[in-house]
Structures are given as structure tokens and as C-alpha cells.
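Peer 1: So the chains spell out like this:
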Amino acid sequence: MKNKIKLLNNRVLVLDGATGTQLQKRGMPSGVSPEVWCLRNPKVISAIHADYQKAGAEIVYTSTFGANRIKLKFYGNYNVGKVNKDLALIAKKAVKNKALVAGGIGPTGKFVEPFGPLKFEEAVEIFKEQAKGLLLAGVDLFIIETMMDIQEARAALIAVKELTDKFTMVTMTYELDGRTLNGTDPLTALNTLQSLGADAVGCNCSAGPGQMVKFIKAMKPYAKVPLIAKPNAGMPKLVKGKISFDMGPEKFASFAKELVSAGASLLGGCCGTTPEHIRKVKREVSGLKPVALSKKSVGLLSSARRSVILKGRKSLTIIGEAINPTGKKILQKELRQGKTSFIRYLAKEQEKAGASLLDVNVGIAGIDEVKTLKRIINMLAVNSSLPLVIDSSRGEAIETALRVYPGRALINSISGQKNKLKKLLSLAAKYGAMFILLPLEGKSLPKSFQERKKIILDILKEAKKIGFSKDDIIVDAMTLAVSSHPKAALETLKTIDWVSNNVKCNSVVGLSNISFGLPKRNIINAAFLALAKKKGLSLAIANPSKLKVRYSKLAESLLLGKDKDAKAFLAYFSKAPKEKKEVKISLSAEEKVFQAIIEGNREDVKEFTREAVSFDCKASEFVRKVMIPAINKVGDLFDKKEYFLPQLIASAETMKLALLELQPYLKEDDLKRGKKTVVFLATVKGDIHDIGKNIVALMLKNYGFDVVDLGKDVSAERIIKEIKRQKFSIVGLSSLMTTTMVNMKEVIDEAKRQGLNCRFIVGGAVVTRSFARSIGAEYANDSIEAVRVAKKLN
Amino acid sequence: MQIEYFNQITIFTPKDKIYSRLGYSKGITKLNGKQLDEVEGYIEKALEIVELRGVGAILPINKIEASKIILAEGITFASESLAKFLVDSKEVLLMAATSGLKIVEAVSKNSTGKNVTAAVVFDAVASEMTDGALSWIINYFNRQLSRENKQLTPRRFSAGYGDFSLKNQKIIYDILKLGQLGISLSNKYVLIPEKSVTAVAGIGFKQENKE
Chain A
1 MKNKIKLLNN RVLVLDGATG TQLQKRGMPS GVSPEVWCLR NPKVISAIHA DYQKAGAEIV
61 YTSTFGANRI KLKFYGNYNV GKVNKDLALI AKKAVKNKAL VAGGIGPTGK FVEPFGPLKF
121 EEAVEIFKEQ AKGLLLAGVD LFIIETMMDI QEARAALIAV KELTDKFTMV TMTYELDGRT
181 LNGTDPLTAL NTLQSLGADA VGCNCSAGPG QMVKFIKAMK PYAKVPLIAK PNAGMPKLVK
241 GKISFDMGPE KFASFAKELV SAGASLLGGC CGTTPEHIRK VKREVSGLKP VALSKKSVGL
301 LSSARRSVIL KGRKSLTIIG EAINPTGKKI LQKELRQGKT SFIRYLAKEQ EKAGASLLDV
361 NVGIAGIDEV KTLKRIINML AVNSSLPLVI DSSRGEAIET ALRVYPGRAL INSISGQKNK
421 LKKLLSLAAK YGAMFILLPL EGKSLPKSFQ ERKKIILDIL KEAKKIGFSK DDIIVDAMTL
481 AVSSHPKAAL ETLKTIDWVS NNVKCNSVVG LSNISFGLPK RNIINAAFLA LAKKKGLSLA
541 IANPSKLKVR YSKLAESLLL GKDKDAKAFL AYFSKAPKEK KEVKISLSAE EKVFQAIIEG
601 NREDVKEFTR EAVSFDCKAS EFVRKVMIPA INKVGDLFDK KEYFLPQLIA SAETMKLALL
661 ELQPYLKEDD LKRGKKTVVF LATVKGDIHD IGKNIVALML KNYGFDVVDL GKDVSAERII
721 KEIKRQKFSI VGLSSLMTTT MVNMKEVIDE AKRQGLNCRF IVGGAVVTRS FARSIGAEYA
781 NDSIEAVRVA KKLN
Chain B
795 MQIEYFNQIT IFTPKDKIYS RLGYSKGITK LNGKQLDEVE GYIEKALEIV ELRGVGAILP
855 INKIEASKII LAEGITFASE SLAKFLVDSK EVLLMAATSG LKIVEAVSKN STGKNVTAAV
915 VFDAVASEMT DGALSWIINY FNRQLSRENK QLTPRRFSAG YGDFSLKNQK IIYDILKLGQ
975 LGISLSNKYV LIPEKSVTAV AGIGFKQENK E
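Chains A and B, in that order, give the protein sequences.
Start counting the first sequence at 1; every next residue gets the next number (this note's numbering).
Start counting the second sequence at 795; every next residue gets the next number (this note's numbering).
Be a bit skeptical, because a hint or two may be false.
Stated by the list, open to error - Below, a list of computed lysine to any residue pairs in the SDA-like style, where the Cα atoms sit at most 25 Å apart:
(1) 110/A x 834/B
(2) 329/A x 545/A
(3) 884/B x 32/A
Unchecked claim - Cβ pair distances, simulated, as ranges:
(4) 793/A x 974/B: 46 to 52 Å
(5) 830/B x 288/A: 49 to 55 Å
(6) 546/A x 968/B: 52 to 58 Å
(7) 981/B x 586/A: 56 to 62 Å
(8) 742/A x 830/B: 36 to 42 Å
(9) 165/A x 968/B: 36 to 42 Å
(10) 754/A x 974/B: 44 to 50 Å
(11) 842/B x 565/A: 21 to 27 Å
(12) 490/A x 830/B: 55 to 61 Å
(13) 663/A x 906/B: 55 to 61 Å
(14) 396/A x 842/B: 31 to 37 Å
(15) 830/B x 214/A: 43 to 49 Å
(16) 968/B x 162/A: 41 to 47 Å
Hints are computed from structural coordinates only; laboratory data are not their basis.
The beta carbon of each residue, even a glycine, is placed where N, CA and C say it ideally should be.
For reference, chain A alone in the conformation it holds in the complex:
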């Protein structure tokens, strides 16, 4: 096998094609377990293996895709190990040593925690059970395939790796948008799986070969293992209940060279492909050399849904430090109570403020750190897309976290302490984690650069022995407080300079330590950060909210000439507050109210209205001359689609606030003018949707109607009872469902029957103009039209 893998450097290897569709073509009925059916029909599956081998496949997969305990259980009580062993033996016998046999492991169909109900260790055990059977038959290598959950792929890979060091390939399946169902992109999957020990990574099923070229291209620049492409024969099409794949062997094989150029070195076929497809692929790739691996190591961290590339001195990466209970009573309380909402908030806030990675520390006295860290890591893996930094001094806690984390994590940190160094390095290696190297050996802190340099070199040497490269390591340049160590900053800067320029490794500092015990810490931190970046600092552990990371990144791009015409800088800083200031300076009080309604400025409209009224303006006239034209203009903008719904509502709410401010004056005017028209609004019986009706209420109130909102799920009897109380009224009925819109007719018919003096307006998602006409009502498509119709009926 090892020789075969060496071959991967020199030529492209061909894998087999589809098994499932071939089995069906050769007589397997629908609704049976393919694995059990193969055991009962060994000649059929044997012929498929042999056909693929004869067509040129150098690796064939055992037909054990669904031979795990969860899937087999659905069809009966089977011995998982024996099913796998027997099917692998059939494959071996069929190819007669002329091709390698890969033990196939497919998904269980259940999502694994933290994404689903299947416990991670249970998943590992399920895959181990399957892999043991395959090993008993003597498979040459393993293929974990068609995985749509990165955590399930990790569980299967860990299972195989804990049993054997045989060559193991992993392929994921992606949707057309280039992500798995849980949102993992090809680069992220590659990084997680190759770090965890996969010997080859790629994609299968997913789509046709053309689409797969994109996935391979995305992975290649960061691949330190060979890449696999095993696409479908085009996209499946469902025509009159029948599936067909539209890509014949010639066309399918015509993509082979493109896949190889993109970086794939193992090619095969998935659903819809046949031995003929593989024969043609073999012909196309014969004599082709794969593109050489460009990386031996990669400084790349991943969550389940995102990867962060560490760019050394070219760009500063911020590790958000806020998820750390030291000195935070709320966080301590939350951790003790087993809650997570504050941590979720901290994660979101830091991401918004510019953090690219999240440090997670849950160490407080009297807490089960192992259990708590696992719980928080699982929660953050689902709720944040930022890769995590596991910050603990306990080896057991670090291991538990690394094992369950569905990405490639960073350990903070590994020091030179003899009793811990080798153990933690082994852990990092097993789970493919990167780590922060802390230059600390004994109990005393190395204060000078020279002391740190020696420790750094010692740890790097140990790490190298285990297989780590410099890309896997970030050196902590160690920040001590200048208040107690006057030369602290200078020694740290020297360390950063040496790490960046001599060792050529990424460096990190815990930024806020430098200003500990001093006033105006943000100023000191910012100045130190600028100096450190100049020396080549690549990461900082900091609170991005305090650091104004986004601002400094924008300013940095501007100053370094990366922001052409200062577009990004100006776009970010030339927002509404500036416009508001101009309004305050140059406009009259009336114009300010007008403008506030147009812009939906709810913060200032009351103040502007008070100002306008104090100029001895008559309230009702003010509404008529200023506010109604303003909301009319908003309506026009909405009609032209220059405004969308939130803007319309914000303006309506602004006007409502202004009207509230004017209410005492308007009451006097109302008394003089007489009673307003009453509009009853209701969502009809059986329907509970009312947001549209509430918007109409808001708009009608702004236009001076007296709105009585009867609520939702309102019976015809109640509506009729209310109408009877008025001499004349307008009634607005709303319904979202076809099943409840008929209840509108019931209300209208009853009102007619009783001879009530009222007019009806109907609206709602399913209601149409013609339906409205048919039941004797006016129609309004939206709140703006509702106002127009109500004014017409008034």
C-alpha cells in the first residue's frame, strides 16, 4: 500500500464508480438493504467489483457503505462485524489482487453532537465496530465517504485511526452552493480532516464533475494530502417519477483532465456512473502527473463553517478574550448555573467588533472544568462560526475539548514545563490542533528576550520531533506589565522581532497585560500594538470592542494605500449622524419634523415637534401641512420601491410619536371639528396572523382615523356587535389563509342582512382584488392603499 501511495506523486490513481445504481441495474429491488442484498447475491456485487477493476480502477470500494449498526438495524438483526468482513472478502476475491480494496464507511444518517442527537463517543464506537470487521477481512485502506456532517466524518476518522494506521481517505458531499448541509465548505473540511490525520481528502456525490472542479480548486492551495474527486454522472433529474443522470461516459471523462489540473490525484465516479465511465476516465488520465502538493503544513484554523488563514505579519488577527471568567461575576454565575446566554452574547459581540478567533476559558474554582469546557465548546461550535482557542491549563480538559470540537482548534497554550510538554504535544498532534507556544519552563517568568529565546528553541525542537512545523505553532512573545517591569515592552518587542524575522513563525501577545495597573490603558495598549505590529506581530489576544479593531483596520488600509480613494473608510464613517447634525443646524423646526418622518428618526422627533409647537404653530394645521405631506412622501417612496417595509414602518412610528406629542393641542382642535370616523380592524375567525393588520392600524391612526383594533381570530358576531355601536364605520378585515378568508364573506353578508351602515376593506396575503369585489368589499394591497381606500370611503 505504501508503494501505491508513493505512486500518487507520479500519476493519477483511478477509483471505481457507482455501486448503488449498478446494483439496481443488475436486479436489486427498491426498499432493501443493499449490504444484505449483496450478501445474498454475492455474484452480482462480485461482478461489479471485477468490472470496475477491469475498466481500470486501481482502488475499489467494498459495498459496506451502510453496514453500520444504525442502518442495518432498520432491516433486521445483523452482526455488523461479520457483514463488513464478508462483504470485504467478496471484494478482495473479485479483484484478485489486481486492485486495492478500500473498506467503505458511509454516514449513519444521524447527525452527531453538537449538530444532532447521536453522542460523539457513540458515533466513534459505531464506526469502530464497522472498521474492525473490515480489518478482519484485510482491506488495504479505508474510505470514509459521502459525509455531510463534518463531525460524523471526524468520528469515523478517529475510529479508524484509533484502530489502525492504514491509509485513510475521507470524502464529503456538498450541496450546489459549495457547502455541506451543515454549512461546511471544502477548504474547512480539508483543513479539519487533514489535520486530524486523513491521508487523502476530497468530495464525492455532490454534483457533476464540472461543479466538483470548483471544490477541488478551493482546496488545492492548502492541501498537504492528495485530493479525491468522485462526482456523479451529472445532476440527477426527476422526470415522471424516474431518476436519470444525464452525463454519458464520454462527457463525464472529458472533465478528468480539468479535475487533475485543479489538483485532484484520485479520480472515480459516484451515482449514475458505470464501468464504462471509469474506462473512459482511465483513458483520459493515463500518463497524467498530478499537480504537486504545494504545502507541507498550513497555518489555518477552522470551525465547522469557516477557516481563518494566519497571514503572519501581513495582517493582524484578533483573538477575542472576553470568554474568560476571571473578574467577571456574571460569567462565573452563568458557568456555575450551567447556562450559556451571556457567553453567546459575548461571542456575537466580539465577532461584530472584529475578532477572528474566540478564546474560551472556563476555569473557576469549584467547577468541573472538563465537563463545562465540553459543554461550552459544543454550544459555541453551533452558535459561532469563529474558530475556537481552547484556553486551559488542564490536559484532560484540553483533550476532551479537542476531541469534540468539529474543526481545527488552537490550544492556548503549551509551555516548556517538563511534566506537561510531551503529553500536550501528543494531544495536539493526535487531534491536529495548532498551539500557542508559551516560553515558560519553571516557576519564574523569563523576563528577558534571551531567556525566552532559549525556551522557545527547546520547545520548537520537541515539537518538530513529533512532526509539527512552524506553521502549526504561534509563539507567545509574553507581555508583562510595564508598571512593574519597566523594560517589559522592549523585551516583548525584541521577542516578536526575532520570532517573526528569524524563526519565521506567527507571534501573539496578550495585549492588555502591558498596561496592567496603569491609567488610560486603552491608549497604552493601542500604542504598544502599533509598535508590535511594526515588529511583525501576527495575532493579539484582546477585547476587540475596546480596541476598536474595525476602526484601526480601516485606518490601516487607508494609510497603507489598500483602500483606493478611501472608499471603505468614507463609506463606514459617513453615516447618518453627520446628516442629522446638518439637519439640526440648517432646517426650521417644521422642516426638521418633516425630515425626521421621512428618515424614520424616532430619537429626535419629539424634541423637534416640541420645538415646532413652541413657535406658536396650530397643531391640526401642523399635522395637515407638515406631517401628512411627509408621510405621503414616504408612501410615494414606498410605492416606487425606493423605500421598503421597515422604512415605511419606521416613518409611521416616527409620525405616531410626533402625534403623541401634539395630542393635548389636537384634542382641542378635534372638539371644534367634531368626531372622527371610526375604523374597526380585525383578523377574521380562525386566523391568528395579525402583523399586517397592526401595520394598517398604525398608518390609519397617523392619518387621523379613530382605529379600534378588535384583535385576531375574531368572530363575525363580535365584529357585527361592534359595528352596531356606530352610525357609520369602516371595517378592515384581514386574513392570511385561504381557509379563513371565506369568513370575511360571512361578516359582510351579516352586516348587509342587518342593514348596517358601514363599508368594508379586506386584505391579507391570499386575498385578491377580485375576491374582494365578489364579496362586496374594497381591496387594499398594503397599508398605504388601505389609507387611500379609507380616505375615499370616509
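Following the hints, position chain B against chain A.
Peer 2: Just chain B, lined up with the frame of chain A:
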């Protein structure tokens, strides 16, 4: 019949669809920075309280008549339009998804005057996220089915479409045991919380491979 529950569905936020649902028209609608920040802020708040969950189960179709579909165990949907929709299918996928109670409560609380702007954004987020969850369930089952050379119909059908009356929601509710997702059914067959949906998709199979 195997019922698959998904207690935690993670999807990317369908921002384009949310904006589109709110009436945003690319190239026409104009938003200043402050307005954009406000809408984005509400979207974020909504996402914090949306709890996407779902369920799906595949059932064989025993018989399709002109105006009814009879599934395994005699479960019957009376609908001509559904019968037409499923005419080429041998099985059906029954599914449901919900955005949970918290978001619906937030819409309700804000829409009655507190902050209607927030309410309309919350409402749009919940609708599109629920719809996204249903699509996620379809993709999940398509992945499972593809190995058997089966595929779901590209469209899905819901109670309330055509003559597939809302009463059928009771049948789906009982089969999928939607109570387990925290969903209840009103006496008018409306799902509660509001941002919950059920749907039916057909499954086609039989290979017809062009080689």
C-alpha cells in the same frame, strides 16, 4: 416508518430572501447607513431567538385515486390537487419545521405598538428561516435517498394549497408527533407557534440511466 427529528437545524441566514420579503428591491430601494444598521440589528436580534427544529418521515403510497391518496396503514389525504402532484411518486416525505415560540412572542409583543419596525423584520426573519429549515430537511432526505436512486420532487405541497384542506394538517401533526417539537394545533387546524409549517413532497425512483 422511521421519524427523524432534527432538534437543531443550522442554516445560513437567507438575507436576500429576508430583504426581498420586506420589499427591498435591488438597485431601487435606498437605505442610509443608519437605516441599514437598524434593520441589520433587528435581523441579528431575531436570529438570537429563532430556534429552528424540524422533523421528517417517509411513508409508502399504497394507492393514488383521482381525489385521494392512501398511504401505509390506511392514512388518507383527500385532495385532487395533491393526487395530481404525487401522481408519479411511490412514496411521500411528510415534514414540518418551526422557528420556535420565542420569535413569535417577540413579533407579537412588538407589533402591537412597542416597535412595529422590529416586528416586521422579526416576522420576515422567522418566515424565511422556517422556509430555509424545510429546504434543509428536503436536502437531508435527498442525500439519504440518492443512494437508493430516489429523489424528492423539486416542489413541495402544503395544507391550504388548492383543495388540500387545512384539516389534513391534523393527520400530518399526528403522524409526525409535532408535539415533540413544541408545536400545537388549534381547533381550526392552525399550527401554533405561528412560524411553523408542514409540507409534503413526493419521492420518485426507478432508474432510467442514459449511458
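Peer 1: Evaluate each hint against the coordinates.
Peer 2: Here is how each hint holds up against the structure:
1. Our distance criterion of 25 Å between C-alpha atoms is broken by residue 110/A and residue 834/B, whose separation comes to about 34 Å.
2. Taking the CA atoms of residue 329/A and residue 545/A, the gap is near 19 Å; set against the 25 Å cutoff, the hint holds.
3. With a C-alpha separation of about 15 Å, the suggested pair residue 884/B and residue 32/A falls inside the 25 Å cut-off, and the hint holds.
4. For residue 793/A and residue 974/B, the hinted distance range of 46 to 52 Å is satisfied, since their beta carbons lie about 48 Å from each other.
5. Evaluation of the 49 to 55 Å hint for residue 830/B and residue 288/A yields a pass: the beta carbon distance comes to about 50 Å.
6. Taking 52 to 58 Å as the suggested C-beta distance range, the pair residue 546/A and residue 968/B conforms, at roughly 55 Å.
7. Look at residue 981/B against residue 586/A: about 60 Å separates their beta carbons, and that is inside 56 to 62 Å.
8. Restraint check, residue 742/A to residue 830/B: a C-beta distance of roughly 41 Å satisfies the suggested window 36 to 42 Å.
9. About 52 Å separates the C-beta atoms of residue 165/A and residue 968/B, a value inconsistent with the hinted range of 36 to 42 Å.
10. Taking 44 to 50 Å as the suggested C-beta distance range, the pair residue 754/A and residue 974/B conforms, at roughly 47 Å.
11. In this structure, residue 842/B and residue 565/A break the distance hint of 21 to 27 Å, their C-beta atoms being roughly 37 Å apart.
12. Take residue 490/A and residue 830/B: their Cβ atoms lie about 45 Å apart, and the range 55 to 61 Å is violated.
13. With their beta carbons about 19 Å apart, residue 663/A and residue 906/B fall outside the hinted range of 55 to 61 Å.
14. The hinted window of 31 to 37 Å between residue 396/A and residue 842/B holds, with their beta carbons roughly 33 Å apart.
15. For residue 830/B and residue 214/A, the hinted distance range of 43 to 49 Å is not satisfied, since their beta carbons lie about 31 Å from each other.
16. Distance hint check: the CB atoms of residue 968/B and residue 162/A are about 44 Å apart, consistent with the given range 41 to 47 Å.
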